[in-house]
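Q: Chain residues, written in single-letter form:
Protein chains: 2
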Amino acid sequence: MPQISNYTYDEITIGQTATCSKRVDVQDIQLFAALSGDVNPVHLDAGFAATTQFKGCIAHGMLSGAIISAAIAMQLPGPGSIYLSQSLRFRLPVRPGDTITLTLEVTEKKDKRGIVVLDCTVLNQQGKRVLTGTAEVMAPAEKLVLERPSTPRVHIEA
Amino acid sequence: MPQISNYTYDEITIGQTATCSKRVDVQDIQLFAALSGDVNPVHLDAGFAATTQFKGCIAHGMLSGAIISAAIAMQLPGPGSIYLSQSLRFRLPVRPGDTITLTLEVTEKKDKRGIVVLDCTVLNQQGKRVLTGTAEVMAPAEKLVLERPSTPRVHIEA
Chain A
71 MPQISNYTYD EITIGQTATC SKRVDVQDIQ LFAALSGDVN PVHLDAGFAA
121 TTQFKGCIAH GMLSGAIISA AIAMQLPGPG SIYLSQSLRF RLPVRPGDTI
171 TLTLEVTEKK DKRGIVVLDC TVLNQQGKRV LTGTAEVMAP AEKLVLERPS
221 TPRVHIEA
Chain B
71 MPQISNYTYD EITIGQTATC SKRVDVQDIQ LFAALSGDVN PVHLDAGFAA
121 TTQFKGCIAH GMLSGAIISA AIAMQLPGPG SIYLSQSLRF RLPVRPGDTI
171 TLTLEVTEKK DKRGIVVLDC TVLNQQGKRV LTGTAEVMAP AEKLVLERPS
221 TPRVHIEA
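Quick note, the sequences are listed as chains A and B, same order. Quick note on our numbering: the first sequence kicks off at 71 and runs consecutively. Quick note on our numbering: the second sequence kicks off at 71 and runs consecutively.
Hints are supplied without guarantee of correctness; some may be wrong.
Restricting the straight-line Cα-Cα distance to at most 20 angstroms, the calculated cross-link-like pairs of lysine to aspartate or glutamate (EDC-like) are [claimed, not checked]: (1) A:Lys213 x B:Asp115; (2) A:Lys213 x A:Asp80; (3) A:Lys198 x A:Glu175; (4) B:Lys213 x A:Glu212; (5) B:Lys182 x B:Glu81; (6) B:Lys182 x B:Glu206; (7) B:Lys125 x A:Glu212; (8) A:Lys125 x B:Asp115; (9) A:Lys125 x B:Glu212; (10) B:Lys213 x B:Glu81; (11) A:Lys125 x A:Asp115; (12) B:Lys198 x B:Glu212; (13) B:Lys180 x B:Glu217; (14) A:Lys125 x A:Asp95; (15) B:Lys125 x A:Glu217; (16) A:Lys179 x A:Asp80; (17) B:Lys179 x B:Glu206; (18) B:Lys180 x B:Glu81.
Hints listed in this document are in silico derivations from the structure and should not be mistaken for laboratory results. Computed from a prediction, not measured in an experiment: that's the story for all the values here.
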């Protein structure tokens with residue numbers, strides 16, 4: 071079985087990073103629309119989107135937010151973390167076919183409550199910043215090594 | 071055809087609100103896991119989740135963030151908005167079966183760039199705050215009345 075583990079508060083160091091990449095496809099945008107209810111035509115209707123300042127469909131900004139939250143829960147600090155807050159600044163649109171790369175970097179540790187502050191930067195395949203932000207997370211006190219649940223398989227109806 | 075429309079910057083008033091409710095089901099959590107890659111067992115493995123301080127599965131915090139982003143895009147200001155920033159403070163867990171109610175309230179208008187500031191509050195069915203935050207949105211200058219794209223239909227494989 072594949073496993074996931076975490077970094078405890080004591081293990082985490084200032085400057086520690088984690089990174090992940092994802093290609094954002096039309097299917098991701100459709101899934102986000104189904105999940106959130108955001109069927110704004112700038113995301114789903116290529117004909118309409120072509121008439122906007124974006125000149126084509128763009129992904130929901132919060133889709134990148136979802137990727138950040140996943141990296142915090144799965145990688146740094148990982149399981150056992152308690153997500154306290156997140157700020158997000160949407161800088162550039164992400165388009166279907168773009169590959170985004172997120173980097174989390176620990177910038178501060180608050181010993182009193184075991185909180186780590188993470189700088190969050192999402193770049194597109196051209197190295198341009200599409201999203202920046204800051205997360206505050208209560209890091210786990212205990213080391214966990216857990217079975218990784220399988221990812222639910224979803225199908226989008228054509 | 072169902073339609074969606076927006077509030078232009080000039081139409082928006084301080085104190086204006088929009089609200090929406092959603093029951094969060096296991097299927098929403100599975101969809102969010104598939105979309106984000108966050109398969110942390112606290113969300114997906116009831117047996118493991120029962121051993122944590124949460125005493126059962128909880129929804130991903132950013133699922134509530136997705137609901138906020140949808141209400142901004144669909145309701146206030148609606149289509150033509152440009153999402154600039156969002157802050158989120160996760161206060162209480164949301165569990166499968168909970169019904170969450172989001173209220174957006176306009177607290178400020180910044181005439182120079184046509185930006186509105188929205189206070190975002192998500193309550194659970196007990197009226198307790200599960201998430202609070204602030205959004206900054208460039209409101210549309212032009213009135214839009216658009217066909218509402220149908221929501222993509224997704225199936226989760228058992």
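Q: Starting from Lys179 of chain A, check that the Cα of Asp80 of chain A is at most 20 angstroms away, please.
A: 10 angstroms, holds
Q: Sort out whether Asp80 of chain A lies within 20 angstroms of Lys213 of chain A, counting only the CA atoms.
A: 10 angstroms, holds
Q: Lys213 of chain A and Asp115 of chain B: Cα distance at most 20 angstroms?
A: 18 angstroms, holds
Q: Does the structure keep Lys125 of chain B and Glu217 of chain A at a Cα separation of 20 angstroms or less?
A: Roughly 18 angstroms between the alpha carbons, so the hint for Lys125 of chain B and Glu217 of chain A holds.
Q: Is it true that the CA of Lys180 of chain B sits at most 20 angstroms from the CA of Glu81 of chain B?
A: 14 angstroms, holds
Q: Lys125 of chain A and Glu212 of chain B: Cα distance at most 20 angstroms?
A: Holds, at roughly 17 angstroms.
Q: Sort out whether Glu206 of chain B lies within 20 angstroms of Lys182 of chain B, counting only the CA atoms.
A: With a Cα-Cα distance of about 14 angstroms, the restraint between Lys182 of chain B and Glu206 of chain B holds, given a limit of 20 angstroms.
Q: Check the hint pairing Lys179 of chain B with Glu206 of chain B against an upper bound of 20 angstroms on the C-alpha distance.
A: 10 angstroms, holds
Q: Do the alpha carbons of Lys125 of chain B and Glu212 of chain A lie within 20 angstroms of each other, as the hint requires?
A: 17 angstroms, holds
Q: Checking one constraint from the list: CA of Lys213 of chain B to CA of Glu212 of chain A, max 20 angstroms. Satisfied?
A: Given pair Lys213 of chain B, Glu212 of chain A is violated - Cα atoms ~54 angstroms apart, limit 20 angstroms.
Q: Measure nothing beyond the straight line between the CA atoms of Lys125 of chain A and Asp115 of chain A; if it is 20 angstroms or shorter, mark the hint as holding.
A: The given pair, whose Cα atoms are some 12 angstroms apart, holds under the 20 angstroms limit.
Q: Holds or violated: Lys213 of chain B and Glu81 of chain B, Cα atoms, limit 20 angstroms.
A: Holds, at roughly 9 angstroms.
Going down the numbered hints, you'll see the structure goes against 4, 8, 12, 13, while the others check out.
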